[in-house]
Amino acid sequence: MTAPATDPLRTTSRAPDPPQTTETDPLRTASPAHHPLRVLASAAWPERPDDRLPPIAGFVESSFNPLVAETADRCLLRHYGPPPALGAPRTALLLASATGDTGTADALALATTTGRRVPPLLFFQSNPNAVLGHLAARWQLDGPVVALGPGFDTEDELLDRAGLLIEDGDAEQVLLITAAQGPPDRATAALLTP
Amino acid sequence: MTPTAPRNGPPRRTVLVGGIGVRSAFGPGLPALLDGALAGRPAFVPVGRFSTAGHRTDLAAVADDAAEPPSLVDQLVAVLAEAGALDGRPDGAPEDLLLALHGDRRAGPVAQEIAERTGLRPRVYTGACVAAATAVADATALIASGRRERVLVAAGYLVEPDTFAVFDAGRALAGDGAVRPFSLGRQGMLLGDAVVAVVLESVPSLRRSRGRNPLARIAGWARTGDAHHVCRPHPEGVGLARAVRIALARAGAAPDAIAYVNANGAGSKLGDLAEAAALRTVFPTGTPPVSSTKSVHGHALEASALLELAVTVGVLQAGSLPVNAGWQHPDPGCPLDLVLDHPRSAAPGLALTLNSAFGGANTALLVAAA
Chain V
1 MTAPATDPLR
11 TTSRAPDPPQ
21 TTETDPLRTA
31 SPAHHPLRVL
41 ASAAWPERPD
51 DRLPPIAGFV
61 ESSFNPLVAE
71 TADRCLLRHY
81 GPPPALGAPR
91 TALLLASATG
101 DTGTADALAL
111 ATTTGRRVPP
121 LLFFQSNPNA
131 VLGHLAARWQ
141 LDGPVVALGP
151 GFDTEDELLD
161 RAGLLIEDGD
171 AEQVLLITAA
181 QGPPDRATAA
191 LLTP
Chain D
195 MTPTAPRNGP
205 PRRTVLVGGI
215 GVRSAFGPGL
225 PALLDGALAG
235 RPAFVPVGRF
245 STAGHRTDLA
255 AVADDAAEPP
265 SLVDQLVAVL
275 AEAGALDGRP
285 DGAPEDLLLA
295 LHGDRRAGPV
305 AQEIAERTGL
315 RPRVYTGACV
325 AAATAVADAT
335 ALIASGRRER
345 VLVAAGYLVE
355 PDTFAVFDAG
365 RALAGDGAVR
375 PFSLGRQGML
385 LGDAVVAVVL
395 ESVPSLRRSR
405 GRNPLARIAG
415 WARTGDAHHV
425 CRPHPEGVGL
435 ARAVRIALAR
445 AGAAPDAIAY
455 VNANGAGSKL
465 GDLAEAAALR
475 TVFPTGTPPV
485 SSTKSVHGHA
495 LEASALLELA
505 VTVGVLQAGS
515 LPVNAGWQHP
525 DPGCPLDLVL
535 DHPRSAAPGL
545 ALTLNSAFGG
555 ANTALLVAAA
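Protein sequence lines correspond, in order, to chains V and D.
If you count the first sequence from 1, position 24 lands on 24 in the working numbering, and the numbers rise without skipping.
If you count the second sequence from 1, position 52 lands on 246 in the working numbering, and the numbers rise without skipping.
Looking at chain D on its own, in the form it has when it is part of the complex (with noise of 0.2 angstroms):
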């Protein structure tokens, strides 16, 4: 194992937030979505797009459940567009836009796709459940090193039947109808639609913008691996818990700067465990308010951490915070400050966005107010 300590790096500028489009299974914008969060509503009906016979739910965060799905290059254009994503660069050249999508035949298309009507470069990413995270760590250190002034971050899944088929055979979805992170009695996740556009920019390029005024500021961000099996998380997250440590590292902060953590929280047992393990190693007496608000709008799989990301820059700017929906019985191995029955005003301080993946892989976002 490694005997190194993590480096910061060189010298950081500010990296901000000029702009967030969401559509979500709330409908679109970030306040519908923060709204949902905030009171603790889940979003998931039965789904109508496709079949769910034979599954042990039929149920989905999905923004409609019409017999056809949204298109979901026509729901990236739309969030680009109303992220400000699509003014283009002054000189006129073709901007980066990476792009986190489901690894599979279907990225290729819908990326050309994007080009075309964009005039952006995708360049896609597609590990799983840190798939967005790592974009957004990626085009922080790209703005922070000073080798770009802007960075657009993209990111979607809309619930579809083969992933919900594989889950569903993997026996990952909650046969309740519910996600209840932390929880005891947590069956598992379910699946929610996501389509998220992030620009990221440094100040002198969010002034030029005229207008625009920043959402928030990534403060610290890191991307950690855990070493320990092919899908299962480190027992005790370990390599979450140094995600964490980096990311304050990078921010020039300490735990106790934290006041706020969205957690990955999908509701499976061990993944559960193994994040409350490090928020524990991170925070050894006492966490700061925590939720997941995956029990509200389900896991968006690749696209599920631009959307906490969105919904942590909205916690910042509501000062509340959202609830921690499902939860029926504390779980001895979870003891968290969880957010339960009612959101709770939020002190000032960082909020921590965390994810974890297959592969052990793990990320942490630390977002400040603007």
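Next comes chain V alone, as it looks inside the complex (with noise of 0.2 angstroms):
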């Protein structure tokens, strides 16, 4: 998704650490009548103005894939401590973003429009579901993993689609991330359950 005019996360912590948990004080509560939901837990990309992403191994050319790992780490270390998740319900990954991951789809047209080779790595991360499987192994939460892209501008729409899969039975929470590449590269975490 573009850069939001208002974070559709409103997310409060600006420190990264100490981690920190919200359990007890709701941030906030979704709008949406069908399924209100409390942040347990939010993260956001950047923090400060030395943030700086730790690069993935496994995954090359492109700062989308880091920028959605580290604010989700981010998010979850706040409510878990270090990964993996322990005891957590079913938890669903929502990632949304409207542009996807800009710079691994401008290195592929470039390998193709000048005939060199494509690098192997970009078959892997050729779509957005393959840094939700990294997280989704690194942290063992085993829900749903869907990604979205134009057409869920507001934050309604997304807490909306991320309440339908906790309503339907298939999450009991969902990490909804949003993510747009940049310059700057912005994101945000949110941690949601009924």
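Just so you know, these hints were derived from the structure itself, not from any lab.
Note that the structure is predicted; figures quoted are calculated from it, not measured.
Every residue gets a Cβ at the ideal spot worked out from N, C-alpha and C, and that includes glycine.
Each hint should be verified, as a subset may be incorrect.
[As the list claims (entries may be wrong)] Partial pick of chain V residues on the chain D-facing surface, computed with a CB cut under 8 angstroms:
(1) Pro54
(2) Ala109
(3) Leu110
(4) Ala111
(5) Thr112
(6) Phe123
(7) Ser126
(8) Ala130
(9) Gly143
(10) Val146
(11) Gly149
(12) Pro150
(13) Thr154
[What the hints assert, rightly or not] Simulated restraints, written as ranges between beta carbons of each label pair:
(14) D:Gly480 x V:Gly87: 34 to 40 angstroms
(15) V:Pro183 x D:Leu534: 50 to 56 angstroms
(16) D:Leu378 x V:Arg48: 54 to 60 angstroms
(17) V:Gly87 x D:Gly369: 44 to 50 angstroms
With the hints as a guide, bring both chains together as one complex.
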């Protein structure tokens, strides 16, 4: 998604350390009438002027996957501590990005238009599910893996989709991530529960 | 890992398939697709719309091999019209369209043009090979829970040079020019065109449409994750088996109610083994008849699940099961009751269509005759 004019998840914490949870102090209640959600933990990218994205082994060329992974990691770390997320209820991973991984798409397009060899690793990261698989394996979260693109433009629309996964019974909580490659890169993550 | 059991959710309402529009490598319409699938006739031809020089294959299931590819937007509008999706709501308000597309820079402009030409409100799903099935599951949940009377789902993928090149670079394409799901010696997938639209609606919504009969019913659905690897499936198909069980629970049915499985079956070594393991877990004494129609219409990536849902609906209507084409020799890791050589008569029951994707994502859709 393009850099949101209003932060879709309204993260309230700007300090990455120490880990913190908000289980007893819900940050907010989502507005869709069908399924009000509480925010258990949240994170954003960037959270400080000198923030740097750590690389992820196996992902190359583009900042999209490190952006998603680091923001999600921060959010989950604040709630569960280091991975895996022991005792977590069934958790869906829901990623919304209107433009997707533009870095990988550009690297691929450059290779094909110039006749150069396509780096094999681009295959694995050619869709946004891959970084969600990285997160699911690292944190042992086995709920639905869902990636959304343009058309989910407001906070309510994203929360509605998150709530639907819970209401429908496939998930008991949802890690909702938004990501927009820049510059500047921006992302948010929120762990949502009924 | 999760200790909790899946819930069935609130009371459900019947969800019908009210219309289908299809463009595939077999041409326009569901009958053409079904004819090709039942005959086990692969639609793979040399690609003419871009250069495949230097790749391990030049084949894909494309609707034509003209130098200029067809317009994805034109085809999406056409299948939406054929499905009956453009007849509008009684109150004239814009309808949501859950639209599965490859998640690159083209998705936004395609969605925008669809909105301008149809008045629909596209909401794009980009989750690789489960994108369209996830959209169907969401649409079904919205109707079953009573929140919507009708939801439109569409998906489109036309074989193009960037995905062709990256799948070739990942050694995912079959170098021997055939897709051989669950067969010893399988080498991988081949890509294929698919543009599909499906109207999902409640019984009252269909009644209001006057003159249309339901094509099928979505009896069960599920979306799960493996929590295993960036791109490899869990070797035991744990998440996929769970998806089938959840779909069965929603349908209020036991495994023996399933009379046909339209498998994900992309022809990959690991993916087919994992899917076979999942099916053996659900059906420990033997599977119902299984075939992967990717063996004839190719892998349409984000659109694949909607194409295979269309095939599955067609199978229920025809009462005949499509062939798992390309099969050569039994793989001991895939002990399935595959439909080989000739179409088989369908026994009464539910049809299951499965999809799996990178990230360990799985979906299961259970389809019943209307």
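For a quick check of understanding: which of the numbered hints are violated here, in increasing order? 1, 3 and 13
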